[in-house]
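Just so we're aligned: the sequence shown equals residues 0 to 350 in numbering that gives the first Met the number 0.
If you are wondering where the hints come from, they were derived from the structure by calculation, not from laboratory data.
Here the structure is a predicted model, which means the values were calculated and not measured.
We treat Cβ as the ideally placed atom computed from N, Cα and C, and that holds for glycine.
Be a bit skeptical, because a hint or two may be false.
[To be verified] Per label pair, the in silico range of CB-to-CB distance:
(1) E106 to G314: 35 to 41 Å
(2) R179 to G288: 28 to 34 Å
(3) A337 to M270: 16 to 22 Å
(4) A333 to S268: 22 to 28 Å
(5) K75 to D97: 42 to 48 Å
(6) R59 to S100: 22 to 28 Å
(7) D252 to D97: 41 to 47 Å
(8) A334 to A265: 21 to 27 Å
(9) R47 to S130: 40 to 46 Å
(10) R305 to A265: 18 to 24 Å
(11) L56 to L286: 40 to 46 Å
(12) S268 to G303: 35 to 41 Å
[What the hints assert, rightly or not] PhoX-like cross-link-like pairs, simulated, lysine-lysine; straight-line CA separation at most 25 Å:
(13) K26 to K129
(14) K52 to K7
(15) K155 to K274
(16) K65 to K26
(17) K155 to K52
(18) K52 to K65
(19) K75 to K129
(20) K155 to K7
(21) K65 to K7
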Amino acid sequence: MKFVDYVKVCVRSGDGGNGCLSFRREKFIPRGGPDGGNGGRGGHVVVRGTHNKNTLLDFRFRQHIKAGAGGGGMGKDRHGRNGEDTELEVPLGTIVRDAQSGAALLEVLDEVPQVLLHGGRGGFGNSHFKSSTNRAPRQWETGSPGEERWVVLELKLLADVGLVGFPNAGKSTLISRISRARPKIADYPFTTLTPNLGVVQDESFQSFVMADIPGIIRGAHEGQGLGHRFLRHIERTTTLLLLIDVTGGDERDPLEQYRTLLDEMALFSAMLTAKPRAVALTKLDLLPGGEPPAELVAALEAAGERVFGISAVSGLGLPALVRHLGAQVRALRAAEAATAPPRDAPSTPRS
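Based on the provided sequences and hints, a complete structural model is requested.
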């Protein structure tokens with residue numbers, strides 16, 4: 000399935016139905032009075048999150064979305080039917096923005112439906128305007144038009160741990176080894192072209208979600224390589240795992256890899272470098288003795304990093320890494336739950 004995480008669509012809520020001009024006409028009731036019903040409201044445009052999707056592909060070729068119009072009022076005080084609501088089913092983690100201003104309109108974090116655009120109000124029929132001084136009103140209203148706007152749907156994947164590293168640092172191999180995710184793995188740069196999610200279970204049988212994004216290169220914050228497009232997918236993660244190839248793949252010094260990754264994350268968003276993180280030194284199976292260079296570990300620890308030496312191929316160091324990540328995710332979840340304000344009542348369609 001093609002991964003699409005950014006689309007622009009035009010959405011329009013339904014117009015309200017017109018009120019009715021009608022008078023009661025029945026045998027033996029010569030002056031029955033007004034009986035024109037009100038028009039129905041237009042359909043809402045509703046956004047609902049779902050666990051069953053991880054791409055916005057459905058909207059790539061569906062760029063104009065419109066809700067149903069309300070029905071017109073009828074005689075005998077019959078109200079028009081309400082317009083049919085249109086529901087946009089999007090992956091969890093989707094942000095809906097105004098296409099012109101970029102302002103966030105909605106953030107979809109659960110499956111509770113949220114109204115993006117309200118339908119137009121139905122017009123009043125002439126029965127609404129009767130009074131003691133106006134027994135036969137000929138006044139009625141047209142329905143209010145619906146709302147229309149261009150919006151951007153932007154997907155940010157929901158994960159607990161984000162993997163960050165250069166191409167071929169071993170991110171896909173790691174996530175395939177400790178979860179059931181099966182990303183494409185090959186010995187050339189940019190094998191990973193789209194984000195991958197994997198559910199990791201630690202030894203306490205508790206799980207967390209790990210996200211693998213395409214490799215970062217120098218200039219990623221300016222759009223170089225594939226990293227810039229996908230860096231936003233780790234903005235919502237609670238912790239980061241930086242993967243450093245200790246073999247210096249493609250003649251990259253391990254410490255230089257570390258500094259470049261931090262620079263690119265900081266230039267993209269200061270929020271990324273403020274997240275809790277750990278560093279995994281990968282491909283230890285390719286080094287004599289399977290131990291990372293002591294001077295490299297010392298330099299990273301001096302910078303305040305928690306360092307793990309691993310080999311995703313042989314499994315070396317993986318239990319300790321998973322144990323640490325699981326404990327950190329649980330601690331961060333508990334802290335977030337303790338400080339989170341109560342959520343507002345969900346936005347539900349008004350009748």
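Here is what the structure says about each hint:
Between E106 and G314 the Cβ separation comes to about 39 Å, which falls inside the hinted range of 35 to 41 Å. The supplied range of 28 to 34 Å is met by R179 and G288, whose beta-carbon atoms lie about 32 Å from each other. Between A337 and M270 the CB atoms are about 21 Å apart, so this pair conforms to the stated range of 16 to 22 Å. Restraint check, A333 to S268: a C-beta distance of roughly 25 Å satisfies the suggested window 22 to 28 Å.
K75 and D97 have their C-beta atoms about 43 Å apart, which keeps the hinted 42 to 48 Å range intact. With their beta carbons about 23 Å apart, R59 and S100 fall inside the hinted range of 22 to 28 Å. Checked against the hint of 41 to 47 Å, the pair D252 and D97 passes, with Cβ atoms roughly 44 Å apart. Take A334 and A265: their Cβ atoms lie about 24 Å apart, and the range 21 to 27 Å holds.
For R47 paired with S130, a C-beta distance near 43 Å keeps the hint of 40 to 46 Å intact. Take R305 and A265: their Cβ atoms lie about 19 Å apart, and the range 18 to 24 Å holds. Checked against the hint of 40 to 46 Å, the C-beta distance between L56 and L286 comes to roughly 42 Å, which is consistent with it. Separated by about 20 Å at the C-beta atoms, S268 and G303 break the suggested range of 35 to 41 Å.
For the proposed pair K26 and K129, the alpha carbon gap of about 22 Å is at most 25 Å, so the pair holds. Straight-line distance between C-alpha atoms of K52 and K7 comes to about 18 Å, which keeps the hinted pair within the 25 Å bound. For the hint linking K155 to K274, the alpha-carbon distance of about 16 Å falls within 25 Å, and the restraint holds. Proximity of K65 to K26 is assessed by CA-CA distance (about 44 Å); at most 25 Å being required, the pair is judged violated.
Distance hint between K155 and K52 is fulfilled; the C-alpha atoms sit about 13 Å from each other, no more than 25 Å. In summary, the hint linking K52 to K65 is supported, as the alpha carbons are separated by about 22 Å, within the 25 Å threshold. Taking the CA atoms of K75 and K129, the gap is about 14 Å. The hint holds against a cut of 25 Å. For the proposed pair K155 and K7, the alpha carbon gap of about 15 Å is at most 25 Å, so the pair holds.
A threshold of 25 Å between alpha carbons decides the hint, and for K65 with K7 the separation of about 14 Å falls inside it, so the pair holds.
In the structure shown, a violation is registered for the earlier hints numbered 12, 16, in ascending order.
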